[in-house]
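Chains as they are written, first to last, in my numbering: chain R, -4 to 253; chain Y, -4 to 253.
Heads up, a few of these hints could be off.
Same chains, same names: a pair is fine if it fits in one copy or spans any two.
[Unchecked claim] Simulated pairs of lysine to any residue, SDA-like, Cα-Cα distance not exceeding 25 Å: (1) Lys12 <-> Tyr132; (2) Lys202 <-> Ser139; (3) Lys22 <-> Arg182; (4) Lys243 <-> Arg10; (5) Lys243 <-> Gly177; (6) Lys176 <-> Glu34.
It is worth saying that the hints were derived from the structure and are not from the lab. Since this is a predicted model, take the numbers as computed values, not measurements.
Number of protein chains: 2
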Amino acid sequence: MQKPLILITNDDGIRAKGLRALIEIAKPIGRVLVVAPEEGHSGESHAITTQTPLRLRQLQEPDGGDEVIMYACNGTPVDCVKLGMTHLLDEQPDLVLSGINHGSNASINVVYSGTMAAAQEASLSGTPAIGFSLLDYSPDADFSSVQAIGGDLISKALKFGLGNEICLNVNVPALPLQEIKGVKFCRQANGTWEEGYDQRADPYGGKYFWLSGRYSNNEPDATDTDEWALSNGYVSVVPVQPDMTSYKELERLKREWQ
Amino acid sequence: MQKPLILITNDDGIRAKGLRALIEIAKPIGRVLVVAPEEGHSGESHAITTQTPLRLRQLQEPDGGDEVIMYACNGTPVDCVKLGMTHLLDEQPDLVLSGINHGSNASINVVYSGTMAAAQEASLSGTPAIGFSLLDYSPDADFSSVQAIGGDLISKALKFGLGNEICLNVNVPALPLQEIKGVKFCRQANGTWEEGYDQRADPYGGKYFWLSGRYSNNEPDATDTDEWALSNGYVSVVPVQPDMTSYKELERLKREWQ
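Working from the sequences, and respecting the hints, build out all of it.
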C-alpha cells in the first residue's frame, strides 16, 4: 500500500523553522508535498489573490531530502492550498497540514490566522486538515515538543478521519515536553484583542500607525476552553467548522425582528 | 438626543459606488464616519496589516456633504474598523456598517469576504454591525433596492440591538425592488467553490496562474438557507458569530480519540 499523501503549508513562509519542523513530523508518515508562501503572511486570514498573477517556484535542493517536493508561491496560505490541491496534485491528498505556526492561534486568533485559514481551505474541499501552532513567536523557537506530540494526532486523523469540512486547531504550550500534561479536546475560548495604535511621524512629517494590542480572555473561569488547556500545561485541540451561523441569534431574530 | 454614531467601511475601496450608496442610507439615520480602503480589497477576509505602517488620508470634499467625515486608509477592511474605532473615535459607535459589497457574500463566501470580516471585527468589540452585499459584481451596479430595504434593518439593529459578538450578513438579490418578496432570516448554506487555475505564460516564458471557479450549493433542496432565500427572490439575513468550534465533532473526538 502506498504511503498517504500529505500536503504541507504555513503562513510564516517557506524559510520558517516551524515549516521545517512540520516536514520532519510528516516525512516518516507519508509522501510530502510542500507549497508555502515565499514570504511571511501572518494575520492574513482567509485572503485569496485575485488581482495579481500567482507564481510557483520549485525548490531545487529541498531541506527534506529527495522524497520531499517543495514549492514556494507568491500568494497567501490559502492560495498555496488551492494551487497545491487543484494544480500540482493529480489526486486528493489524504491530509493537509499547516504550520507549525510561530505563535498562538487559540481563541479568537483563529479568525486572523493564515495557518488556520489554510487548514480550513483544505477541509472545505473534503480533505482532513490540521493546523499546528506553538505558543512561542520567536523565529528560532524550539519545536521539539510539537514534533513529539504531532505524529500521534496526524496518525489518528489518517486512521479515524475528521467530520465533513472539519479541521483541527492544535496549539502547544511553550513548555519542555516533560512538563506537557497531555492533550485536551476543547472549544474556542471567547477572547478579545484590546488594541491601540502606536502613532509616529515619518521624516517628512507624515503620520503613520502600527497596530499593537493585548489579548484578553473573556471567560477565565471556564475549564473547557483552549485558553484554559494551554494555561494549564495541556495541548489544545479545537475542531473548527466553516458554518458561522449563530443559531441562537437566528431564533431570536425570527421572533423579535419579523 | 444626539443621533446615533455610525462607522462605515467596505472592501471595494473608497471610490466604490456601493460605499456611496451605503452612506446615503445611513445619513438620514445618524452621524456618519467613513474609513474605507484606498484600493479594492475583495477576498481579503480578516487580514490585518502588521508588517507595513498604516496611514489615514482625510478626504477634503466628501461626497456625502459636510456632515459626513471620510478617511481613506492604505490597509485592509479590518484595519479600517480598528483604526476608526480605536484611533479616530473617542466614543464607541452605535453601529458599524460594511459595504455595500459588489457581489454575493452568502454561503461560504463569508469566509473569504473582507466586507463581512470588517463587520465581524466591529462585533468583536461589542458594537452591532451589518455587512450589506448586492448580488451584482459590476462597478456600476444599481443599489437602489438595497437603499430601499437597508434602512429598516439598520433601524431595527439600533432599536433592538444584536446578540453579543453577533453581526448580520445581509445579501440582496439583483432584482428590481418590486420583485423582491421580503426578508428571510436564515442560516449560511453549505456550499463550495469548485476551482481551477488558468495557466498562462508571460512574454519571458514564465508560468503564472489566475484563480477561477464556480460556486456550487451543496444543499440545493434546503429551504432555510441564504442561498435558497436569494434564489427565491428574498433578501437573506444571517447572524454571524466568531465561535468556529464544531461542538458535534468535539463530542465525537472526546469519545473516539481520547
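Evaluation of the provided hints:
{"no.": "1", "hint": "Lys12 <-> Tyr132", "in the structure": "within (11 Å within a copy, 41 Å between copies)"}
{"no.": "2", "hint": "Lys202 <-> Ser139", "in the structure": "neither (43 Å within a copy, 38 Å between copies)"}
{"no.": "3", "hint": "Lys22 <-> Arg182", "in the structure": "neither (30 Å within a copy, 41 Å between copies)"}
{"no.": "4", "hint": "Lys243 <-> Arg10", "in the structure": "neither (44 Å within a copy, 37 Å between copies)"}
{"no.": "5", "hint": "Lys243 <-> Gly177", "in the structure": "between (33 Å within a copy, 22 Å between copies)"}
{"no.": "6", "hint": "Lys176 <-> Glu34", "in the structure": "neither (34 Å within a copy, 48 Å between copies)"}
The structure is inconsistent with the numbered hints 2, 3, 4 and 6, although it conforms to all the rest.
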